[in-house]
Amino acid sequence: MSLSHLLRLQTLYCLLGVLFNLVSMWVGANGGQGLTPTDPLVGIMVMLIYGLFLISGKKKKVTLYRILMGLAVLVFGYGGIIKHIILLSSSPELYNSLASGLSAVLINFFGLGLNTLAALGKFH
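Residue 31 in the numbering used here is what sits at position 31 of the sequence shown, and the numbering runs on without skipping anything.
These aren't lab readings, by the way, just hints derived from the structure by calculation.
Yeah, the Cβ is synthetic: ideal placement off N, Cα and C, and Gly gets one too.
One or more of the hints may lead you astray.
[Stated by the list, open to error] Calculated cross-link-like contacts (lysine-lysine; reagent style DSS-like; alpha-carbon spacing at most 30 Å):
(1) 83 x 122
(2) 122 x 61
(3) 58 x 122
(4) 59 x 122
(5) 122 x 60
[Said to hold, decoys possible] Label-pair ranges, simulated between beta-carbon atoms:
(6) 74 x 22: 23 to 31 Å
(7) 70 x 28: 26 to 34 Å
(8) 29 x 2: 39 to 47 Å
(9) 78 x 58: 39 to 47 Å
(10) 64 x 9: 18 to 26 Å
(11) 122 x 22: 24 to 32 Å
(12) 94 x 121: 32 to 40 Å
(13) 99 x 12: 16 to 24 Å
(14) 90 x 60: 39 to 47 Å
Taking the hints into account, I'd like the entire structure generated from these sequences.
So, in structure tokens, the structure goes:
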């Protein structure tokens, strides 16, 4: 996969994460329970910081990009996947629905795959 294609997919992941958190914020602001226990504002900020990480790839600063993607693998692998799976199984009431929790996990699995490819340098 080319670096430019990988970066487009990572930008899509970033936008999905922001959109998911915006929906969660909107649901909470309208009297419902947020989609996940994650504070949507914090979720949006984390995704925007991740978006800044992608600039290193766009600028062809490959070593920095790969290091930042390794960090993203750790952060999103734990916070976006493992933590949600643990909470979904132990405290499902923290989620708006099982579907919203699984959606968060699936979005982050998508990003984890992309970020792993990037961290390992599996692009040209």
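Taking the hints in turn, this is what the structure says about them:
no., hint, in the structure
1, 83 x 122, "27 Å, holds"
2, 122 x 61, "15 Å, holds"
3, 58 x 122, "16 Å, holds"
4, 59 x 122, "17 Å, holds"
5, 122 x 60, "14 Å, holds"
6, 74 x 22: 23 to 31 Å, "25 Å, holds"
7, 70 x 28: 26 to 34 Å, "33 Å, holds"
8, 29 x 2: 39 to 47 Å, "40 Å, holds"
9, 78 x 58: 39 to 47 Å, "26 Å, violated"
10, 64 x 9: 18 to 26 Å, "19 Å, holds"
11, 122 x 22: 24 to 32 Å, "31 Å, holds"
12, 94 x 121: 32 to 40 Å, "37 Å, holds"
13, 99 x 12: 16 to 24 Å, "21 Å, holds"
14, 90 x 60: 39 to 47 Å, "44 Å, holds"
Going through the hint list in order, the structure does not satisfy hint 9, though it satisfies all others.
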